[in-house]
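**Student:** So you can see what is in the structure, the chains are spelled out below.
4 protein chains.
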Amino acid sequence: MISFESDYTTGAHPKILQRLMETNLEAASGYGTDVYCEKARNKIRKACGCPNADIYFLAGGTQTNAVVISSMLQNYEGVIAAETGHIHVHEAGAIEHTGHKVLALPEYQGKIKADELKRYLQGFYEDESQEHMVYPGMVYLSYPTEYGTLYKKEELEEIAGICREYKIPLFLDGARLGYGLMSRERDMELSDIARICDVFYIGGTKVGALCGEAVVFPQNNAPAHFFTMIKQNGALLAKGRLLGIQFDTLFTDGLYLEISEYAIEMAEQLKKVLKEKECSFYLESPTNQQFIILENSRMEKLKQHIIFSFWEKADDTHTVVRLVTSWSTRLEEIERLRELL
Amino acid sequence: MISFESDYTTGAHPKILQRLMETNLEAASGYGTDVYCEKARNKIRKACGCPNADIYFLAGGTQTNAVVISSMLQNYEGVIAAETGHIHVHEAGAIEHTGHKVLALPEYQGKIKADELKRYLQGFYEDESQEHMVYPGMVYLSYPTEYGTLYKKEELEEIAGICREYKIPLFLDGARLGYGLMSRERDMELSDIARICDVFYIGGTKVGALCGEAVVFPQNNAPAHFFTMIKQNGALLAKGRLLGIQFDTLFTDGLYLEISEYAIEMAEQLKKVLKEKECSFYLESPTNQQFIILENSRMEKLKQHIIFSFWEKADDTHTVVRLVTSWSTRLEEIERLRELL
Amino acid sequence: MISFESDYTTGAHPKILQRLMETNLEAASGYGTDVYCEKARNKIRKACGCPNADIYFLAGGTQTNAVVISSMLQNYEGVIAAETGHIHVHEAGAIEHTGHKVLALPEYQGKIKADELKRYLQGFYEDESQEHMVYPGMVYLSYPTEYGTLYKKEELEEIAGICREYKIPLFLDGARLGYGLMSRERDMELSDIARICDVFYIGGTKVGALCGEAVVFPQNNAPAHFFTMIKQNGALLAKGRLLGIQFDTLFTDGLYLEISEYAIEMAEQLKKVLKEKECSFYLESPTNQQFIILENSRMEKLKQHIIFSFWEKADDTHTVVRLVTSWSTRLEEIERLRELL
Amino acid sequence: MISFESDYTTGAHPKILQRLMETNLEAASGYGTDVYCEKARNKIRKACGCPNADIYFLAGGTQTNAVVISSMLQNYEGVIAAETGHIHVHEAGAIEHTGHKVLALPEYQGKIKADELKRYLQGFYEDESQEHMVYPGMVYLSYPTEYGTLYKKEELEEIAGICREYKIPLFLDGARLGYGLMSRERDMELSDIARICDVFYIGGTKVGALCGEAVVFPQNNAPAHFFTMIKQNGALLAKGRLLGIQFDTLFTDGLYLEISEYAIEMAEQLKKVLKEKECSFYLESPTNQQFIILENSRMEKLKQHIIFSFWEKADDTHTVVRLVTSWSTRLEEIERLRELL
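Residue numbers (my numbering), protein chains in the order written: chain A, 523 to 863; chain B, 523 to 863; chain C, 523 to 863; chain D, 523 to 863.
Check each hint, because a few of them may be wrong.
Same chains, same names: a pair is fine if it fits in one copy or spans any two.
Stated by the list, open to error - Simulated pairs of lysine to aspartate or glutamate, EDC-like, Cα-Cα distance not exceeding 20 Å:
#1 K835 / D649
#2 K568 / E780
#3 K537 / E548
#4 K835 / D637
#5 K635 / D720
#6 K799 / E822
#7 K825 / E648
#8 K823 / E527
#9 K640 / E679
#10 K835 / E817
#11 K640 / E834
#12 K675 / D709
#13 K675 / E711
#14 K674 / D709
#15 K794 / E857
#16 K640 / D837
#17 K825 / D649
#18 K835 / E638
#19 K825 / E548
#20 K794 / E854
#21 K825 / E650
I should point out that these hints are in silico values taken from the structure, not numbers from a laboratory. In this text the structure is predicted, and so the values were computed from the model without any measurement.
Please construct the entire structure, taking both the sequences and the accompanying hints into account.
**Tutor:** In structure tokens:
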């Protein structure tokens, strides 16, 4: 079976495994204090253009979101997100589990609009009963979004400006950051992200690592005792080397972007095939996730040969499905899909 | 520098890395639903003699403790632990972070006493103001304990009997389970643990894996929607295969016990050297952690060549330090220690 | 100044104060175990037609919502509410503070629709990624709603039927229950509420008491150790007598309904005046809260003589305001309002 | 039956009821924004000698402890308390329910020792694994303690000095503050408490009110949005007037201290009788709670005429019981006890 199910179906990029082998017998101190974590931090700082950035490595996206958000919010604050935001829908209530509300804004292909954010914040501070309500304490975005779409630089800067005006941090979930940075429609580099956001993370799990996300506080602005809050949330890996070695490898000789570019190239091939076969697109995604609408019987037939994700019911006879590429997608697989369609 | 700092300083047992390489390109579904997780579950079920056990893989010990404890307690309940229990002292309040109190009992070389547990439970239910207090809802033990010591089978059964009497589950933290199972003073096998406890975990991180703990509910007794609670706690690894492949390897051809036995053998050699050099033992540990009391200036000198853990101040001129062996400890390292002492 | 600001601006109904005086020197045991609480419970059981109901007295609405909801939900569950539901908007995130998500459904004049609830639940259980989402574990309604509107008996029964089908409890927030029960548009009695809902509360604070809400589990179905969870949430009043005496009084000789009926009568008078003066109604409310749209300059003028609540901006020149009646509203006050308009 | 069960068995001091009557029909805004709350705040500020104090009224002790502690701690911090501290033992885990650990120190008749506190804090900051532990973020004391004992001014100042040194606030639980202030062994006034502590509360429930505790942040140092956190914890009373009127009355013409002095006088009479009857005292308490050890059969006989509290088993044939006086204790009741003994 060929799988376009997600970008986390295969193992790690071979260079990562190779480095894990090479370093396996070296003794390293635990919890992210080892030399590989430090090397990785320095390379990421350089790639971000942020020499003073605080950088922490966690194992997965949901825990990263929960730790970052709960450690940066005050008790009386919640986090603003698109109603399709991962934290609002697909993390089993992990944010609420830390005691904070997700304040949902309308979404447009996975994105929020700056003017609606502004109106929301204005309205909140004009409301006479605001003291009985959850204070908006952070804005959460994903880049690319859960629908594969991208904020334009201008949009991101506008949102960041509103955040600054209201003195709340802007947090960018970069679980698939690489695919945004290498999309053909990109207009930002990593250093732009680091300049515009107050905190973000560079996703490893979905971009060629076995696991791992690198949280970046670009301006040396990590909350006090962030390390202890990682531990308290059960998100501190004893063998931190596992994360350090992987990110050190990903940020050596541009591997992170190379992996991302390859997956984008595969996604473009995939789109070409899908268009050629007159598949109907649910939306136009410029990254490695593609959403198409399939007639149900066609979907069932395809399922026998290809693995993909159910996304949602479109109507009684059609379904939205998702196909995803990654570092390990092969051109033959896309060819095979063409034949099957 | 030679390191006896902990059993999580080096990478993974070579066989694990080899299997990660061999399987790297296979597409696998995420979140623990892959074929390797399933294989690993079956092998663990067999090793435990529990054909119906529910088994889940998590990445680390603190998150495992927090997820298991919070998902098995009612809101009004707390968990009983030794006052030196890992959850009481060294997990940054992860249990309280989930809303539950740790109810501390006196410890004796890291162990609680069955009769004191009994007296505590009796006293609680005799107390007329019990409804204003935290209900004891679980007993947490570690095996080996944080001091490397072991409960005898008889002790464990007595504690389990009391738990049954009071209808609360017995949870055994097996972060270093292998070293208990292969200690020369062992009187239990894995199947005994599985028979006596209501839930326990088989530690991977400290027994040769890169990361990973296998939670076992021996009698098909996992709480409803345990999977979702793992997710909610940020403890669900997207590439569950990383855990599945490791535990599949550890439970193939007895590798888990083999690794443990080797580390125990190294610990015995270490003890011999330490005794020969007239080091004073803080307590008698039959597992892979050894605690000795060093005169401070001697400790400082040793530190220049050997890495070990500070444990606690013994008095103004002496310190308790910990030396630990693992799958990667080499006899030469112990020899070198002998020379240095 | 005349106040239509809310139904909790004045003290208690005189009969309540009188009983507090009469009983003041009697020694009573604490925490709701006194004879007045027991008398009140029996009278409420009778009024509800539920001889086995479990009844608990708490001090206020937000704490009651938080205690009831968090004690009836499993960790992995959230509570469904209208997007205008008090718990979603005006309780400062008290539900999320207990770790649970509020799952918002569209509202129609403060009410949810049974068919949308059904569709939501169906959709949830059809979603293949449901295990990564918050399980719907309860339905929360308010009666009357935050907009003064009422569910018809048929609507409530339909919602209850859906809840039973999905095995989740139906919780009715009755902070203003009396006004619903005595509305001219009512088609339910207290016994209907008790028959249809799994848990509800009878609001005292807004219906003539100094404070207090009576939580009713009609079928002897309080969660185990509910008392301790009240305590744990800081919601257990030491002098429980204060609540017992008030509810005993409210449920003696039908005082609760008498108070409610009086306030409804005043609300009808108020509506007549507002209509006569050609005020534009924001919506048609059959209970003691009335919402009208005022031109801003008219509103400002009125503010100098009358206290009412800002509700929300209607547009740049108009505002929605709320006027509320209670046991202490006097006809002269409404007359005075007529003159001012 | 005569009751020495507690200081919250009877209603309110008559002057409080009288004021509730007199003000009953006045419309007042809700949530503590009314004129009586404001008056009470000013009188308390004056009594404390703190013109800038922030003052909030809550309904009961456990909720006050939970709100104050959780709003002043960072996520990674816990609160230090005596192992007999109310928050550690008798609040059903309310502090842990907010996510924070109670860090227990040994107690001596309910008090902690300054030098042990110092040693604990020193030890914590010397511990190399401190980042894996709960940071001590506050010291909680009760005055009088749960055993009726009092800190000397010198002791309190020493503890406060240590807190300042470690930059953590000192919180004094004054649920029975009045009895400490009027004890014959007192060496502090309210203004001393206010000068020495960072936050404390003046208990109303146990000193003549129907309910209510006044939280005082003496130096205008309430946490930002403390109001919203009260609401979020379900601890905001809608009819805040109920608390305002009571505290306004208690702080008019010295009623609070007058009530306290009377109860202390009754406690001294009680002690005289108990001594005369050769009752064995569990400890020497200078406040309104007295602890004596009764032979079990004597206790059973006494129980038929007098209500008191079981405290704990002394041994197989003796029990520690507690007798408490209050504003409503009458000399005849103590005489009657003498006869019965």
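**Student:** Work down the list of hints and note, for each, if the structure agrees.
**Tutor:** Okay, the hints, checked on the actual structure:
For a Cα distance limit of 20 Å, the shortest separation of K835 from D649 across copies, 9 Å, qualifies, whereas the shortest one inside one copy, 38 Å, does not. When the C-alpha separation of K568 and E780 is checked against a cutoff of 20 Å, the pair qualifies only within one copy, where the shortest distance is 17 Å, while the shortest distance between copies is 44 Å. In this assembly of identical chains, the alpha carbons of K537 and E548 lie at most 20 Å apart whether taken from the same copy (18 Å) or from different copies (17 Å). For a Cα distance limit of 20 Å, the shortest separation of K835 from D637 across copies, 18 Å, qualifies, whereas the shortest one inside one copy, 30 Å, does not.
Taking the shortest Cα distances, K635 and D720 sit within 20 Å of each other inside one copy (19 Å), while across copies they are farther apart (41 Å). Proximity of K799 and E822 under a CA criterion of 20 Å is satisfied intra-copy only: 17 Å inside one chain copy versus 64 Å between copies. Proximity of K825 to E648 under the C-alpha cut-off of 20 Å is restricted to the inter-copy arrangement: shortest distance 18 Å between copies versus 52 Å within a copy. Proximity of K823 to E527 under the C-alpha cut-off of 20 Å is restricted to the intra-copy arrangement: shortest distance 16 Å within a copy versus 56 Å between copies.
In the homo-oligomer, the alpha carbons of K640 and E679 lie at most 20 Å apart inside one protomer (13 Å), although the nearest pairing across protomers, at 41 Å, exceeds that limit. Taking the closest pair of Cα atoms, K835 and E817 come within 20 Å of each other only inside a single copy of the chain (10 Å); across copies the shortest separation is 46 Å, beyond that limit. Proximity of K640 and E834 under a CA criterion of 20 Å is satisfied inter-copy only: 17 Å between copies versus 30 Å inside one chain copy. Proximity of K675 and D709 under a CA criterion of 20 Å is satisfied intra-copy only: 6 Å inside one chain copy versus 57 Å between copies.
Proximity of K675 to E711 under the C-alpha cut-off of 20 Å is restricted to the intra-copy arrangement: shortest distance 10 Å within a copy versus 59 Å between copies. For a Cα distance limit of 20 Å, the shortest separation of K674 from D709 inside one copy, 7 Å, qualifies, whereas the shortest one across copies, 55 Å, does not. Only within a single protomer do K794 and E857 lie at most 20 Å apart by alpha-carbon distance; the minimum there is 11 Å, versus 64 Å between protomers. For the identical chains of this complex, K640 and D837 are inter-copy neighbours only, at 17 Å across copies versus 34 Å inside a copy, given an alpha-carbon limit of 20 Å.
Within a single copy, K825 and D649 get their C-alpha atoms only as close as 51 Å, which misses the 20 Å cut-off; across copies the closest is 17 Å, which meets it. Taking the closest pair of Cα atoms, K835 and E638 come within 20 Å of each other only across two copies (16 Å); inside a single copy the shortest separation is 28 Å, beyond that limit. Only between protomers do K825 and E548 lie at most 20 Å apart by alpha-carbon distance; the minimum there is 18 Å, versus 45 Å within a single protomer. Proximity of K794 to E854 under the C-alpha cut-off of 20 Å is restricted to the intra-copy arrangement: shortest distance 14 Å within a copy versus 60 Å between copies.
Taking identical chains as interchangeable, the C-alpha atoms of K825 and E650 lie at most 20 Å apart only when they sit on different chains, with a minimum of 15 Å there against 54 Å within one chain.
Checked against the numbered hints above, the structure breaks none of them.
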